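Student: From just these sequences and the hints, can you work out the full model?
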Amino acid sequence: MIVAERKPLQQIEAMIEGFEKILIVGCGTCVAVSMAGGEKEVEELAAQLRIKAKLQGKPRTVDEITVTRQCDKEYLEPLAKYLDEYDAVISTACGAGVQFLAERYEGRIVLPALNTLFIGVTEGPGVWSQRCIACADCMLDQTGGICPMTICAKNLSNGPCGGTNAGKCEVDGEKDCAWTLIYRRMEKLGRLEYLKKIQPPRDYSLTTKPGRHTHEAFRQSQQEEE
Amino acid sequence: MVAGFKQAFAQKKFVVTAEVGPPKGTEISELLSHIDLLKDRVDGLNVTDNQSSVMRISSLAVCRLILDHGGEPILQLTCRDRNRLALQSELLSAWVLGVKNVLCLTGDYITVGDHPQAKPVFDLDSVQLLQTVGLLNEGKDLAANEMQGGTGFFAGAVVTPEADPLEPQMLKFEKKIVAGARFIQTQAIYDVDNFKRFMEQARRYDVKIMAGIVLLVTPGMARYMNKNVPGIFVPEALIEEMAAAEKGQKIEAGIRIAGRMIRQLREEKICDGVHIMAIGKEDRVPDILKAAE
Chain B
4 MIVAERKPLQ QIEAMIEGFE KILIVGCGTC VAVSMAGGEK EVEELAAQLR
54 IKAKLQGKPR TVDEITVTRQ CDKEYLEPLA KYLDEYDAVI STACGAGVQF
104 LAERYEGRIV LPALNTLFIG VTEGPGVWSQ RCIACADCML DQTGGICPMT
154 ICAKNLSNGP CGGTNAGKCE VDGEKDCAWT LIYRRMEKLG RLEYLKKIQP
204 PRDYSLTTKP GRHTHEAFRQ SQQEEE
Chain Z
3 MVAGFKQAFA QKKFVVTAEV GPPKGTEISE LLSHIDLLKD RVDGLNVTDN
53 QSSVMRISSL AVCRLILDHG GEPILQLTCR DRNRLALQSE LLSAWVLGVK
103 NVLCLTGDYI TVGDHPQAKP VFDLDSVQLL QTVGLLNEGK DLAANEMQGG
153 TGFFAGAVVT PEADPLEPQM LKFEKKIVAG ARFIQTQAIY DVDNFKRFME
203 QARRYDVKIM AGIVLLVTPG MARYMNKNVP GIFVPEALIE EMAAAEKGQK
253 IEAGIRIAGR MIRQLREEKI CDGVHIMAIG KEDRVPDILK AAE
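As they're listed, the protein sequences go chains B and Z. For what it's worth, my numbering labels the leading residue of the first sequence as 4, then goes sequentially. For what it's worth, my numbering labels the leading residue of the second sequence as 3, then goes sequentially.
Just so you know, not all the hints are guaranteed correct.
[What the hints assert, rightly or not] In the DSS-like style, the derived pairs of lysine-lysine whose C-alpha atoms are separated by at most 27 angstroms in a straight line are: (1) Z:Lys198 <-> B:Lys171; (2) B:Lys57 <-> B:Lys10; (3) Z:Lys142 <-> B:Lys200; (4) B:Lys178 <-> Z:Lys229.
The hints are simulated quantities; they were obtained by calculation from the structure and are not laboratory data. Only a predicted model underlies this, so the values are computations on that prediction, with no experimental measurement involved.
Tutor: Below, the structure written as structure tokens:
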């Protein structure tokens, strides 16, 4: 899932400077799980913005609504009937959701309340960690299910650098060295021989931005129609 | 002028190189004095590439200055600051300027340096960079294009004999040799017995090994490296030897230790040479060499 964190209140305050009627649109999928932009977090942000306005004697109304996902059109449609009443919309979705909302309601001012961090997993309560950089050429079969493109700060695909320190990373001593993990995992799996293959340079043309993907079955049916 | 770095190995000599760090800024008088002081005393001057991720004059420019002053330069090239176009371009440029030796490294991470907010590149890794050098040597580039004129580099790489754990490090060491490394320079070593054990493994490969010798300046520096520099282990006995030296004489103890280690490595034929890193004290390299006689 996409992991995000909320921007500091001060930054959000600065974005809505001069607006009186605010709608906060939450997103009920990934960012709800990472406790950054779901219904609860929307409620909290709304309360903070209301209190702040009250303390500063500013006129401000803040309303809330949370949709299932902001990255799918069908969930954005029902918002059409509300948006006219507001000066600005704050989205607590990831960057993709914010953009999709802004695209659907082009005439509206849509502002981001979150910083999108990474594609990751839930390590434990309140802790998430990155597991994938969406490189478009997965090599996990060759590295024991541990991604060197993500877990290694230098995205090294042929083994560790000289900075491995007792199995930790030179960049951040709190983090594990990807290649120590990979080596140990492959050792356990009895597949160390696979690590001897020299990996060729990565193909970065695969991640030329912006990415766009059409499912093969859909592409075929489109062609048949034509 | 020395015979050349590659030739020195061919003559089965115990090869000695020294590291030169390009300065930050355009004041190069001290750098030039170090070059003049060292160029005839060592088999090669190894020039760092934005060492420790700190922005400086390029390795290539200093290599050319070394050539102009009659020395033998070894270009260090890291994967941190250049993508594959820039790396190959730098290699071609180095060759036409007369540089014949290249040391391929991954490079420290950006955030340890003085521009921590810069974008790290790491388009290639050190193994792929070595393969790239091999292709350029064959007159082809990494995209398999034929070039008008190739290079003839003598390529090398690095290894950390005290890496923890050692096995993944050795896995990459082997790949580097397969990828074309002809010489290997090690991270600083201080424990010769540990190094001998590493050499037992390394000797199975057809590659020249140069032990890294970093001059100890104070006992504090040794303790600092033990605590903070991955892959460096200074035994307590050496730290005590440094501590026992009189105030103002600490560096002399460091020179004595470095000289003694080089002599042992040479006399016992433990490895093929040494690479001396006298970080900031390049003017003392002749004293280290004297102590090693």
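Student: For every hint, state whether the structure bears it out.
Tutor: Structure-based check of all given hints:
1. Z:Lys198 <-> B:Lys171: Status holds; Cα separation ~25 angstroms.
2. B:Lys57 <-> B:Lys10: holds (21 angstroms)
3. Z:Lys142 <-> B:Lys200: Within the cut-off at roughly 22 angstroms; holds.
4. B:Lys178 <-> Z:Lys229: Status holds; Cα separation ~17 angstroms.
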